[in-house]
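Chain S is fixed; fit chain W onto it per the hints.
2 protein chains.
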Amino acid sequence: MAPPPSTAVSPIVSLLVRILTFVCLLISVIIILITNTYTQSSDFGDVKTKFTDFRAYRYLLGAIVIGLAYTLFQTALTIFLVSTGNRIGGDGMLQLDFYGDKVISYVLATGAAASFGMTQDLKTLVDRSDSGVDKFLSKADAATSLCLLGFLFAAISSIFSAFSLPKRA
Amino acid sequence: MAPPPSTAVSPIVSLLVRILTFVCLLISVIIILITNTYTQSSDFGDVKTKFTDFRAYRYLLGAIVIGLAYTLFQTALTIFLVSTGNRIGGDGMLQLDFYGDKVISYVLATGAAASFGMTQDLKTLVDRSDSGVDKFLSKADAATSLCLLGFLFAAISSIFSAFSLPKRA
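Those protein sequences? They're chains S and W, same order as listed.
Residues in the first sequence are numbered from 1 upward in steps of one, following full-length UniProt numbering.
Residues in the second sequence are numbered from 1 upward in steps of one, following full-length UniProt numbering.
Next comes chain S alone, as it looks inside the complex (with noise of 0.2 Å):
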């Protein structure tokens, strides 16, 4: 008797997903990497923040760094299955890909989730009259949002990835 099929998702939505979520990921970094930094003039020069400054955005700037390896890796992987319908690895990768998108969706997941609390609640302690920290805040919020949008994607493609398991029973 034939194995039954590995995948019960198609190939193709699989690989659909990993670039959204790729592409979700990337424009967060740029929105961090390239703009966000703000400066406040005050009576000693200068004031320079970063958004690296804050512990909780530098762990979303990490999960994202993380989560776009991880998504080329699988995306390369997946444009190989979908052009030549091998799957290198076989079964052992199956094994991988599900506790691979299972971590990475909760790096994804806790990235977003400690970088919209800070924003939140430092939209409460500061001066939000000051255009410069409102915008500074408002591109956090963005990187943050695609940065979730992105979780949303790789949560996906671990319940595809789920039911792609080998049955162990």
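Don't take each hint at face value.
No distinction is drawn between identical chains; accordingly, a pair holds when it is met within one copy or between any pair of copies.
[What the hints assert, rightly or not] Dumping the calculated DMTMM-like pairs for lysine to aspartate or glutamate here, alpha-carbon to alpha-carbon at most 25 Å: (1) Lys48 with Asp91; (2) Lys135 with Asp43; (3) Lys48 with Asp134; (4) Lys123 with Asp134; (5) Lys48 with Asp141; (6) Lys50 with Asp127; (7) Lys123 with Asp53; (8) Lys123 with Asp141; (9) Lys139 with Asp91; (10) Lys48 with Asp127.
Hints are computed from structural coordinates only; laboratory data are not their basis.
Note that this is a predicted model, so its numbers are computed, not measured.
Showing chain W alone in chain S's frame:
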């Protein structure tokens, strides 16, 4: 041909993990609800800071309460399964377990992350020489750590319920 057994993991192990999740979350919620206020004397009288004054901590509390309710429900179902050998709801319930466990583990992960991020950055922002503030933050850390531990057990439950999924392909 008889259908394959519907659970890849022993119900006893599954029950144990649910109980551990429940205990962690219960202690965490007790720490938050009973003990965590902080009173500071000022020129305008006493200023009372409550755990729930912070949005990130409110989210933590909400996540834990949702986690507790869900875990209690699942523990009851698992006790029924262990004692009678019958699963309430059959295969449809396995799907519900899978999605439920997944969502709840994300809820707990984000709760812990939001709260942890908040506490870490508060530590850098506030005056920690005041022992009251320090105690407040230590208790926040304790509640967060227990939520994180609860999340880890919930994630294990989520892995178990993925193994138990009926094979779709």
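Here's how the hints hold up against the structure:
| no. | hint | verdict |
| --- | --- | --- |
| 1 | Lys48 with Asp91 | neither (51 Å within a copy, 57 Å between copies) |
| 2 | Lys135 with Asp43 | within (22 Å within a copy, 35 Å between copies) |
| 3 | Lys48 with Asp134 | within (15 Å within a copy, 28 Å between copies) |
| 4 | Lys123 with Asp134 | both (8 Å within a copy, 23 Å between copies) |
| 5 | Lys48 with Asp141 | within (19 Å within a copy, 30 Å between copies) |
| 6 | Lys50 with Asp127 | both (17 Å within a copy, 22 Å between copies) |
| 7 | Lys123 with Asp53 | both (16 Å within a copy, 13 Å between copies) |
| 8 | Lys123 with Asp141 | both (11 Å within a copy, 22 Å between copies) |
| 9 | Lys139 with Asp91 | neither (42 Å within a copy, 45 Å between copies) |
| 10 | Lys48 with Asp127 | both (16 Å within a copy, 22 Å between copies) |
Of the numbered hints stated above, those contradicted by the structure are hints 1 and 9, listed in ascending order.
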